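J.: Here is how the chains run, residue by residue.
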Amino acid sequence: MLLAGFLGLQYDFRWSVLWESPFGYWLLQGVKNTIILSLLAWVIALVLGIALGILRTAPWRVPRAVATAYVEFFRNTPLLVQLFFWYFAVPQILPAGPIRDAVNSLNVDTPLLTLNYEFLAALAGLGVYTSARVGETIRAGIQSIPRQQTEAALSSGLSLVQVYRHVLIPVGLRIVIPPMATEFLSIFKNSSLAVTIGFAEITFQTQQVNSYTFKGLEAVTAATLIYLAISLTIAAFMSRMERQYAIPGLIARGATRE
Amino acid sequence: MDLDWTIIVRNWPVLLSGFINTLKLAVLAIGASFVLGVVAGALRLSRSPYLHYPAVLYIEIIRGVPLIMVIFWFYFLAPILAGRPLDNFTSALIAFIVFEAAYLAEIVRAGIQSVPLGQVQAAISTGLTHPQAMRHVILPQAIRNMIPALVTRFIVLFMDTSLAYIIGYRELTRVARIIAEREFRAFEVYTFIAIVYFVCTYAMSLVAQRLERRLGPA
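Residue numbers (the working numbering), protein chains in the order written: chain A, 1 to 258; chain B, 1001 to 1218.
Because the hints were derived from the structure by calculation, they are not lab data.
The reader is advised that the hints may include incorrect statements.
Claimed, not checked - Simulated restraints, written as ranges between beta carbons of each label pair:
id: 1; chain 1: A; residue 1: V47; chain 2: B; residue 2: V1199; range: 41 to 49 Å
id: 2; chain 1: B; residue 1: R1213; chain 2: A; residue 2: P248; range: 31 to 39 Å
id: 3; chain 1: B; residue 1: R1213; chain 2: A; residue 2: L115; range: 26 to 34 Å
id: 4; chain 1: B; residue 1: V1014; chain 2: A; residue 2: S239; range: 26 to 34 Å
id: 5; chain 1: B; residue 1: Q1209; chain 2: A; residue 2: A246; range: 40 to 48 Å
id: 6; chain 1: B; residue 1: V1039; chain 2: A; residue 2: A51; range: 41 to 49 Å
Claimed, not checked - Covered stretches of chain A, as calculated for chain B (at least 3 residues, CB under 8 Å):
id: 7; region: 79-86
id: 8; region: 106-118
Quantities reported herein were computed from a predicted structural model and do not represent experimental measurements.
Don't be surprised by glycine CBs; every beta carbon is placed ideally from N, CA and C.
Working from the sequences, and respecting the hints, build out all of it.
T.: Quick look at the structure:
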């Protein structure tokens, strides 16, 4: 009220919607769901991304072409469209019958969250989209390792698999820590798109609060502050990790690609 | 699984109008956010704390929140500030400009900082004034260095326009959703628009690669 008067706005602020029952509880649920979705999607993205990074740098032509096509396609289409694809289109092409029914009616309460198709589609969409970006980053990391290191490792008798396992992957991952930190931050921000397919993360809960109270501005302010807090926490954590794992003698802060 | 691709042909005019709306939003947002981005990037490099800190605050806050939040901000705030409801195109456009400019500002700053200090000193010592040095020596090199990052960011912006969906602007994704729901043909429609987006962004990245090769690092 005071703020509105001060700015000369025709708006009646009511910040208490943020902690009144049940809205405060909804927002907390949203925070929890955002964190779970983002972390699980990050695991998927990291595993797939490392595999893509290997396939794109290894000397096998067909897997390399497949991995390149995967990365280019999923990196160059909007995440929103990919989410719609997983949520609306995938059930359509499933054969009618028990599988499709199970997908449509999935609703299991677990201690962590309610397992439903909204969650699975959001997880697949966010995980696959981010895996393409992570795969590109790791490819660049591996390719930035001087060739002589691979040659030295091979001529010391290591097999190609061993070269990846002991030289290229460990060194490559350490080189790309700064751009990976950016991707890790992005996955939390990108998880907000899950609102469009009805997964109950923070943005979805702010919409719920808005539709029950018409106090959208307060709810969006709260969500904004929550996202900022998450971003700042991760940024602080990642910059510590960057320092810890930086390879001595290399310029650790390389160019990050957004 | 029986697919009916004629759905694309039958809804061609609607899809085309959605695509045109996407282009309209993307082109205007790219142009305006670039201008705002250059200003914000330059302010961040300013020595005056009154210019430097507000720019830092703006850039860091925007980069710390999801685009959806910024879209909602303007969606809820603009009618209150303007005293009347804004149409969803204007509201989305403002949100995109404000959001993207923060990212572009960082690219501009990095580009300007990538020009070696010796270049500035040499320019000044040949008798150029500061603005002249900026215009003839620093900016031409800085912009060259920025091009790859700028184009990458423009590609992201082009894909991000799909988020205008959320406040009801009838761009490509919104139009696709409407058709998919009316005809129960989600697979065909979303596959088609994914390809449309891909062709556009991939073409942009090919242009970027050619530009990069032609100009090379300054």
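J.: Hint by hint, note whether the structure agrees.
T.: How the hints compare with the structure:
1. With their beta carbons about 30 Å apart, V47(A) and V1199(B) fall outside the hinted range of 41 to 49 Å.
2. The hinted window of 31 to 39 Å between R1213(B) and P248(A) holds, with their beta carbons roughly 34 Å apart.
3. Between R1213(B) and L115(A) the Cβ separation comes to about 49 Å, which falls outside the hinted range of 26 to 34 Å.
4. A hinted range of 26 to 34 Å for the beta carbons of V1014(B) and S239(A) is inconsistent with their spacing of about 48 Å.
5. Take Q1209(B) and A246(A): their Cβ atoms lie about 30 Å apart, and the range 40 to 48 Å is violated.
6. Checked against the given bound of 41 to 49 Å, the beta carbons of V1039(B) and A51(A), roughly 43 Å apart, stay inside it.
7. With 6 residues having a beta carbon nearer than 8 Å to a beta carbon of chain B, the region 79-86 of chain A meets the requirement of three or more and the stated coverage holds.
8. Residues of the region 106-118 of chain A lying with their CB closer than 8 Å to a CB of chain B number 0, which falls below the three-residue condition for coverage.
The structure is inconsistent with the numbered hints 1, 3, 4, 5 and 8, although it conforms to all the rest.
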